[in-house]
Structures are given as C-alpha cells and as structure tokens.
Amino acid sequence: MSSVVFVTGRNQCGAVALFSSICYVNLPMKTAKWNYKGVVIFGPPASGKTTLARELRLRERGVFCLEGSKVLRSFGTVLSREEARALYGRLVKSHGKTFIGKALERVALKKGGFVIASGLRGYENAVYLKERGYFVVCLEASQSALLRRLCIRGDGRSLQKEIKDEERIYHTKHIKKVAHVVFHTEKERVVAMAKKILDEVRYRECRICVNGNRNPVIRLSGEGYCDICAQFRKYFRKSILKDELRAFTSQVGKGHRGFDIMVGISGGKDSSAMLRQLQKRGFRILAFSFDTGYYPKHVFSRAARVARQLGVQYKRIDIRPYIRPIDRRSFALTAALYDEKPSPKLSEKFRRLYKEGRKHYSVKCSHALPFVRTCQLCRRVVIRAYYAEALKHGVRTVVLGINEWAHLSKHGRAPEFRATRVLKPFHNKPAVSIVHSPFLFRRTEKETKKILKKMGWELPPGEKLIETNANSCLFARAAETKALHMLGFHPDATRLSREVTAGFITKKRAEKALSVTHQSRYSVRHILAKANIL
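The UniProt record's numbering numbers the first residue of the sequence shown as 1 and each following residue consecutively.
If you are wondering where the hints come from, they were derived from the structure by calculation, not from laboratory data.
All values derive from a computational prediction rather than experimental measurement.
For glycine and all other residues, C-beta sits at the position ideal for the given N, C-alpha and C.
Check each hint, because a few of them may be wrong.
What the hints assert, rightly or not - Derived lysine-lysine pairs resembling DSS-like cross-links, with alpha carbons at most 25 angstroms apart:
1) K449 x K464
2) K355 x K176
3) K508 x K449
4) K37 x K196
5) K97 x K176
6) K102 x K37
7) K195 x K173
8) K446 x K269
9) K280 x K234
What the hints assert, rightly or not - Computed Cβ-Cβ distance ranges for the label pairs, DEER-style:
10) S144 x S515: 37 to 43 angstroms
11) L534 x E511: 33 to 39 angstroms
12) N428 x S221: 42 to 48 angstroms
13) K93 x S221: 48 to 54 angstroms
14) G503 x S144: 55 to 61 angstroms
15) K195 x G462: 45 to 51 angstroms
16) K93 x A529: 15 to 21 angstroms
17) R219 x N428: 39 to 45 angstroms
18) R305 x R413: 41 to 47 angstroms
19) G224 x G258: 50 to 56 angstroms
20) R219 x Y522: 21 to 27 angstroms
Let the hints inform the model, and build the full structure from the sequences given.
Spelled out as structure tokens, the structure:
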C-alpha cells in the first residue's frame, strides 16, 4: 500500500497531497544546528526509505512523527498504489509537478524544525527540495532485491510492472543525478547510511578554527579537526621557518638600486607592524601599495603616512595594466553573478562556483569564470604584478603583512608549511620570493599590539583590530552580504581560520569578526565599473 499525507486548508495552500510513507519533524531546533532544512529520501518501492527514516529518527530527540497511513485513516480511507498514482496524475495537472515539495515545505513551516521525510516521489520534487535547502538522499537496489522485498511484504502482484510504472511516472532513476548522496541498500548497512547523512546535515565546526562543514570543501575528522588544522598539527615544522628566516635576513644590504626588499603596506595593523619590524632588522625598503581601483582611498593616504613616519620611501602602483583580457572577462562574469536575484537555485550555483573557483585562481589559469570569493580573482592579477614590479625595481623579494602561509606539497611528499613562495614564470628571468612576514616571524596579535604601541599607531575610528577583508576592499564589501546568504557561511572564514590555526588570533576573535557584515552602498558591478575594470 502507498501512503498519502494530505495537507489541507484552502486558506493556506489549497488541496495538495504529499506522497510519503513517513515524515518526522524535529521540533526543538535549539539542540542542534543544521546545514539543511531537512532530509528527504527518494527511491523505488522497497528500496528501504522508511527503514532509513526510522533509523535517523532514533538518533534524534524531540521528533514529531507524521505517518501517511495514519493521516489517511483519519480521513477514513486508504489508497492502493494504483489509486495513489492516479491521484498523483490529477494533482500534477492541478498543482504542478512540484506539489509534493511545496506540501512538505508547508508541513515543515507549520510544525517548525528539522524534517526527515521518506517515500517522496518525483524527480521534479527532488530538484525543487534540493534548491530550497533540503538534503536529498537517493536509495537504489537491484531489481531482484526490490522484487524479493516486495514479495516479503505481500505486494507480489505484477511486481515488475509495479516497478516499471513507478519509474515511468516518477522518473526515480534520474534523481541520483541531483541527489547529495546515493546509497545502494544491498551494499550498505542502514546504521552506516544514517551516520553518513547526519555527519553531512548536522553543523560541525573545527575544534581549533572557525571552519565548518557548511563549507563544501571542508572536511572534519572524527577527532573534530578540519582537514587544514589536522595537516598543520601533523606537518608544521618550526625548523623550516628558521631556515627561511636565515635565508631572508641574509639579504640585508645586498639589494640592487638602493633597495633590498619591497614591502606591501596598507597602513593597517599587520603591515604597519611588519614595516617597523623589517626596518629594525636593517633592510633597505621600498614600501608600496597596489591600486586596483577598488580599494578605499584612505588606504593610500594612511599607508603613505605610516611610511613617512618611519622614514621609508613609498610608492603607489596602479596594477590595472596587469589585468589580462581573460581576467576582465572573469570580472564581468563575477559582476553578472552578483547581479542575479537571490533564490534557492542561485544558492546552489554559488556553492558550486565556490568549489570551482579554488581550481582557477592560479596566475597560470587561462579560463574565464565567475568567482564567488573576490580575493581569488584579485589574486590572479596581484601575483603577476608582484613579480613584474619586483623585477622593475631591482629586488628579488616582496614582503607582505598577510597572515598566511605557502602550503607546498611536491611529488607526493608530505606537505610543508612555509612562509615563502617562489615565483619563476620564465626560464630566462630571475625568481622572485613572496614572503608572508607574520607567519615567518610567528608574530601573535599580542606582539603586534606591542609594536604598534611603540610606533604610536592608533586604530582608526570605527574599525576593529580584527576584521574581514570587506573592511579594506570595496569589491569584497559589495560581495560580502550576498555571498554570506547564498553560501550559508562567510566567504572570509577560511582566511580567518588560517590565522587561528597558526596562532595569530584566537577563535573567539575570528568569530567576532565574522559576525559583522559591512554594508555596501554599491553593487559589485558598480564598484568594478567605477574602477574602470568593466
């Protein structure tokens, strides 16, 4: 028998029906944070949908159960599978192919909480619910296993026709193309399937940093560490930094054209402390700021003031000439992405492009695509500019105040966490080293404050000591709020997590910074057009 849950009330959504054998709603949402609105389980008859739903229910407390057969009995009727399919056809004509998904949303909205629903039908409903934030599970089994299970149930009449009719009407096999996860129920135990699902849908955060599993590229270990923190704990070696520091300080007084190093500054806390620290070590410094066209104007005046205070030569460098046509195309595609109207479908697109962007931010990349993370697109330009400007000014090392590391892995060897990245795009030209000084010197926030205090550096009014990149970049600011809402996590969380992982700041500091969003008066398109990039 097939169960149908009726959600009625013309004052709400009219007469619509939900094909579901069982539906649970977790009422007390305070007990857990979720990455999705619920779990919806699809599959052919006898694939194990209800069994899996019940196993999930056993692992959650405070669950409200809505069982289709009981609801039908309250109406004084029970439908056979044939009658249910006929009803499905009539409801599709009157309410559209996604009426099941819409009905489920009404149930969830009315009851409140996290939904676990099994026995749903229809490829279109799987797509609809996925786009609206539900975790879609598709179960499959061999036809012989399905027939055997149906026989045990006593549903043995015309079993092969039964399965074919279900597939013809509901297109169940297509659901695996859109499902978050597909399980073959002959090969996997129900307990293992339930655990895998809950690991995905429950929000989990790293024990050390602010990375969480809402980010589709972050994986958490059984011990509670994200993959980045786990690698850092295992592979970080202070000895590597000591060797790099010796090599770096050996450059004092050995530069050409009057400078040993170029130092990128914004006049903010990290770059100001870095500039003073390097000056005390005896380096001959050319301080500079890159002008992309979308940095706030006060950045350049503040940077120039800090350099002047320390008696260091300063230069503002326009890097827009380094933007390739392929990069301009990516900027245009990014503006178009952020122009799109918010929707569940756009949220899926943002998450997909977020993952894709990680493969294409290298300066060697020759693909044009929209970037969710603005820093990744900007990086394709600034890395090229670092190299060219260093050669132009006769230096071989560019030092940055960005709290970051170079995570290198060569030829299958263990990863190495370094402060220095070497750029050598041409065989007939010298290499240029990019040095991340906070990581090289292992400078903590407390030590940075001491340096700034001695300098007389004061925090600008309205700013916090630790902020997201939207504070100092108009491009990032214009994108921040939309990216946060579409992704379900802050786009700058991974950068701040690195600072926590390396010990620069505390997790509490990072959480506080991520809790503040910077309002932008202008769109991404407006910012880029004003910068003469579009």
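Results of checking the hints against the structure:
1. A distance of roughly 13 angstroms separates the Cα atoms of K449 and K464; the hinted pair therefore holds under the 25 angstroms criterion.
2. For a cut-off of 25 angstroms, the pair hint linking K355 to K176 stands: about 21 angstroms separates their Cα positions.
3. Taken as a hint, the K508 and K449 pair is honoured in the structure, with Cα atoms around 17 angstroms apart against an allowance of 25 angstroms.
4. Proximity of K37 to K196 is assessed by CA-CA distance (about 17 angstroms); at most 25 angstroms being required, the pair is judged to hold.
5. Taking the CA atoms of K97 and K176, the gap is about 18 angstroms. The hint holds against a cut of 25 angstroms.
6. Restraint check for K102 and K37: the C-alpha separation of about 13 angstroms stays at or below 25 angstroms, so the hint holds.
7. Restraint check for K195 and K173: the C-alpha separation of about 24 angstroms stays at or below 25 angstroms, so the hint holds.
8. The hinted pair formed by K446 and K269 meets the criterion: a straight-line CA distance of about 12 angstroms does not exceed 25 angstroms.
9. Distance restraint check for K280 and K234: the Cα-Cα separation of roughly 34 angstroms exceeds the 25 angstroms cut-off, and the hinted pair is therefore not satisfied.
10. Checked against the hint of 37 to 43 angstroms, the pair S144 and S515 fails, with Cβ atoms roughly 54 angstroms apart.
11. The supplied range of 33 to 39 angstroms is met by L534 and E511, whose beta-carbon atoms lie about 35 angstroms from each other.
12. Take N428 and S221: their Cβ atoms lie about 45 angstroms apart, and the range 42 to 48 angstroms holds.
13. At roughly 50 angstroms, the beta carbons of K93 and S221 sit within the given window of 48 to 54 angstroms.
14. The supplied range of 55 to 61 angstroms is met by G503 and S144, whose beta-carbon atoms lie about 57 angstroms from each other.
15. Checked against the hint of 45 to 51 angstroms, the C-beta distance between K195 and G462 comes to roughly 47 angstroms, which is consistent with it.
16. Distance hint check for K93 and A529: the Cβ-Cβ separation is about 47 angstroms, which falls outside the suggested range of 15 to 21 angstroms.
17. For R219 paired with N428, a C-beta distance near 42 angstroms keeps the hint of 39 to 45 angstroms intact.
18. Under the hint 41 to 47 angstroms, the C-beta atoms of R305 and R413, about 45 angstroms apart, fit the expected range.
19. Between G224 and G258 the Cβ separation comes to about 52 angstroms, which falls inside the hinted range of 50 to 56 angstroms.
20. Checking the proposed 21 to 27 angstroms range against R219 and Y522 shows it is violated: the Cβ atoms sit about 36 angstroms from each other.
Comparing the model with each numbered hint stated earlier shows that hints 9, 10, 16 and 20 do not hold.
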